[in-house]
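K.L.:
Residues per chain, in single letters:
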Amino acid sequence: MRVHLLAGAALVASFVASQEISKQDLRKKLKDDVHASWIYDDLPAALAEGAKTGKPVLAVFRCVP
Amino acid sequence: MARREDPETAKLLDQFVCVRVIQMWGIDLARFQFDWDLTFAALFLNADGTVYGRFGTRKNHDHAEKDTTPAGFRKSAEGALALHAAYPGNAKELEGKKARAARWATVDAIPALKGRPNIKPATGERAGCVHCHQVHEGELWSARAGNLPLPDRVLWTFPSPEDAGFELDPSEMARVVSSTGMAGAAGFKAGDRILQFGGQPLISAADLQWILHHAEDGDTLRAEVERGGERLQLRMKLTDGWRRKGDYTWRSIAWSLRHRLAGTGMLEPQPARPNEMALRVKALPPDWVKDRNRSAAAELRAGDTIIAVDDRKDLAREADFLAYLLQKKNAGSVVVLTVLRGGKTVQASIKLP
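If you read the protein sequences in the order shown, they are chains A and B. Letter 28 of the first sequence, counting from 1, is numbered 28 in our numbering, and no numbers are missing. Letter 335 of the second sequence, counting from 1, is numbered 335 in our numbering, and no numbers are missing.
These aren't lab readings, by the way, just hints derived from the structure by calculation. Watch out, some of these pointers could steer you wrong.
Heads up, simulated DSBU-like pairs for lysine-lysine below, C-alpha to C-alpha not over 35 Å straight-line [claimed, not checked]:
no. : chain 1 : residue 1 : chain 2 : residue 2
1   : A       : K55       : B       : K11
2   : B       : K98       : A       : K55
3   : B       : K237      : B       : K313
4   : A       : K55       : B       : K92
5   : B       : K98       : B       : K66
Just some of the chain B residues that point at chain A, by a computed CB distance under 7 Å [said to hold, decoys possible]:
no. : residue
6   : V17
7   : C18
8   : R20
9   : V21
10  : F40
11  : A41
12  : L43
13  : L45
14  : H84
15  : C132
The C-beta atom is built at its ideal place from N, Cα and C for all residues, glycine as well.
Given only the sequences and the hints, what does the whole structure look like? Please build it.
P.N.:
Take a look at the structure:
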């Protein structure tokens, strides 16, 4: 677990040091779940999709990764 | 937590529109409010913005993964789906879950965050993410700079259920494992499933925290519990200063309080002196901390033990000491610390920002 945390911290630090991350790069770097059903970093799009489908919205606030 | 590898979780996630938000840039703070210091937080919402519930809780340094479990997440998701199925017939009881008015609408409007490398409006090009915890930090320091009130709620934010006397099962929505203090006095018992609290349906410990966070000392909160197949009504009175029993120093905000006010790193209570003020300065802030209190750095040494501040010797915990500096001393004022150093008692006068 500690190794995972350290790896996660290193990854976050690398992002902080870098410039704006493209959505495409982000999706590649996120290893936990790149399933098509997840919308990344776009709350308005999620709410619009919820209105369209009638589904409730689950918004997870979580740094990378 | 919300991973699709687990079939049960995947089945639940399929019933939601799932969005992962990785940072706070552009987020409407008047609509999306939760415990900013968490490393994992979730909101269950209707597309119209109605909040079904929040998820994510933590009570101290060591409990990030003990208080938040996959089983508990699944239960909360099930609870959210049930509330969604009953919506809008239940809209009135969900009113209290709505976000409150926000002093600053977005992170770039928070005065204390202006000028940070990752807060650059207009172009959207930023040197890194805007972290959730920066909202709490920015609001707190902006309030101090603007001489705005800094009530206990600002520091002891989203109080742990334990601070109110609840031990909850992290694998359930809101099931009582044991009760003491205010919860015990109200009659909550082991095994109770808390259905409603403060007029709101609960689907998580975070929902309970939301209600406690916004409640005032002296309030009496009504609860409905399921016990042995029956539904019971309980009332819990919040005693004066109850939230101060908690310890907020696991939160990111504690680092800026240490650095900017006390001019120190972590302050460790001394086990040999449990009931008196004896806070050992573990370290001074490193040079790369730009916002450190340089007045304090010139006066204090690593290894010093703070045994009094002004005429106060009762601030035994780091949380109480830092709260004193923040809430009782205005910007520009001076505090006198009495410090043990090498067997001698010395005094250090520190000007506060």
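K.L.:
Are the hints correct? Go through all of them and say.
P.N.:
Here's how the hints hold up against the structure:
| no. | hint | verdict |
| --- | --- | --- |
| 1 | A:K55 <-> B:K11 | holds, 14 Å |
| 2 | B:K98 <-> A:K55 | holds, 19 Å |
| 3 | B:K237 <-> B:K313 | holds, 30 Å |
| 4 | A:K55 <-> B:K92 | holds, 20 Å |
| 5 | B:K98 <-> B:K66 | holds, 27 Å |
| 6 | V17 | holds, 5 Å |
| 7 | C18 | holds, 5 Å |
| 8 | R20 | holds, 5 Å |
| 9 | V21 | holds, 5 Å |
| 10 | F40 | holds, 5 Å |
| 11 | A41 | holds, 5 Å |
| 12 | L43 | holds, 5 Å |
| 13 | L45 | holds, 4 Å |
| 14 | H84 | holds, 4 Å |
| 15 | C132 | holds, 6 Å |
Hint compliance for this structure: no hint is broken.
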